[in-house]
Amino acid sequence: MRLALDIITVVLVSAGGFFFMAGTIGLLRFPDTLTRLHALTKVDNLGLGLIVFGLLPQVESRLGALKLIVIWLLVQMSGAIVSQLIAQAVRRSGRQT
Amino acid sequence: MTLVFACEVVLAGLLVAIATWTIVARTAFAAIVLFMVYGLLLAIVWVALSAVDVALTEAAIGGGVTSMLLMGAATRLRAPTTPVADVGLPLRIAAGLLCALVTVVLGAVVFFLPDVAPTLAPVAKDNLAASGLGNPVAAVLFVFRALDTLLEKVVLLLALVGVWSLASDEAWGGVPGLPVYARPGRILVFLAQILPPIGIIVGIYMFWAGASQPGGAFQGGTILAAVWLLTMMARLQDVPAINARWLRLLLVVGPTAFLAIGLAGFFIADSFLAYPPGIAKPLIIVVEATLTLSIGVTLALLVAGPPERLPQR
Amino acid sequence: MSSTALFGYCGAVLVGLGLYGLITRAEVLRKILSFNVLGSGVFLLFGVFARRGAAAGLGADPVPQALVITGIVVAFSATALAVALLVRLNKETGQIVVAPDDSEESGEQGATR
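Read top to bottom, the protein sequences are chains A, B and C.
Note that the numbering used here numbers the first sequence so that position 74 is 74, with each residue one more than the last.
Position in the second sequence counted from 1, then plus 1000, gives you the numbering used here.
Position in the third sequence counted from 1, then plus 2000, gives you the numbering used here.
Since the hints were made in silico from the structure, they are not lab data.
In this text, a Cβ means the ideal position worked out from N, Cα and C, and glycines have one as well.
Just to be clear, a hint being listed does not mean it is correct.
[What the hints assert, rightly or not] Short, incomplete list of chain A residues facing chain B, as computed with Cβ under 8 Å:
| no. | residue |
| --- | --- |
| 1 | I81 |
| 2 | Q84 |
| 3 | V90 |
| 4 | S93 |
[Said to hold, decoys possible] To list a few chain B residues with every Cβ distance to chain C over 10 Å, as calculated:
| no. | residue |
| --- | --- |
| 5 | A1012 |
| 6 | A1121 |
| 7 | A1264 |
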């Protein structure tokens, strides 16, 4: 049972790490701000979500698991809203990068 | 070379690389964003050093409020009329040599540290039970070295008075010039409506849990300051004038309660800032609660800056 | 090399970097940033000393950690005061550097104040 949980953790956290890497490559390689924001939201939602779900089998108490999920939801919300704000600022200023 | 050590090597290398990039970045905006990243990486390093309270403080104050303060300043600075002359090469080489010397000396200090380190951990652990707290860092801050914490709070207030004294004569006692959105969009207002309740709960929880787990008054107070600044920037609340009585009351309630309990220690316990055994924990909780409130208000006002206009009647 | 020593060397390098930035950058905002990097390097050295003092079941010596928390807060208040001074300097003179004193100029300014 322990081994199965550890395997789940390793697989999910690695998948989350892959999304982090994909988002970072997008941040470095995409041409302008709006596309880079699009790449970064993958990191926030999928990457962090997979890592949080991967860490859930390792948590001892239900409250700790709840805290991890709340952290994920908070990061998603702030990431989404900040992306909107940055995109609005880019739109308003008229610049492309 | 274990995997954990390899990760720590990568972390330390990343930290030094980001710090170097912060120093040599070309624009101030880039340097401040890099400083924010540096603060957050440093918080991870603190966790690796088993200092979770310090990690929380570094992430909140170092990576959060300081970066916000610097970003606000960078947007308010006008570009200089004359171009900034860069430092000449001889001075750079001399400074580089001096800094390399300092680094080598400090590295040698770390290298030649004795094998058995002097430590106060056993003393702290022995006296922890008498204070009623479960978090040794909180015990050090509020019981064993409470004078340091009281003086630190007074230093915060002195810095605030210093910042306020930079107001021009017309704006004396007026409204701080915190950069606020002229027309906050709906989505910013949404964030400023949904995040503060969560932030207040998290801040109070962090102060409350700091008695027995990592946390404390400074970390909780910083979160309260952050959500208050958010509501002010989204114009859900006006930036208060600094001669408002309620504001000044909130600022001083923390250090006053701390000082009063410290002076009461002359009568109900042995000396200044001594707690009588038995009611030590309730007294410390009262001190921490009022301190959290004061720290929140003080940090927010430090970020808001000196007054720039009179309140509109 | 243990991980604690690694972070000790890291702190030493950060102190050197911060000091270099403090000396060579002309703009005040960059000096404030370098000062913060310097301060965090010193705090990291404190953290190393704390970690080495792990004993009696605690993960680290709590006294240097409490000193670092105090130091972080005081460093922030110093930064806030420095930034307020910088913004005021910029508003009055339009400069973002502190110009070197010219002895005649400061003498004249002293006379007119």
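Going through the hints against the structure:
1. I81: holds (5 Å)
2. Q84: Status holds, d = 5 Å.
3. V90: violated (13 Å)
4. S93: violated (13 Å)
5. A1012: A1012 of chain B is in fact no farther than 10 Å from some Cβ atom of chain C, at 4 Å.
6. A1121: violated (4 Å)
7. A1264: Given that every Cβ of chain C is farther than 10 Å from that of A1264 of chain B, nearest at about 23 Å, it holds.
Of the numbered hints listed earlier, those contradicted by the structure are 3, 4, 5 and 6.
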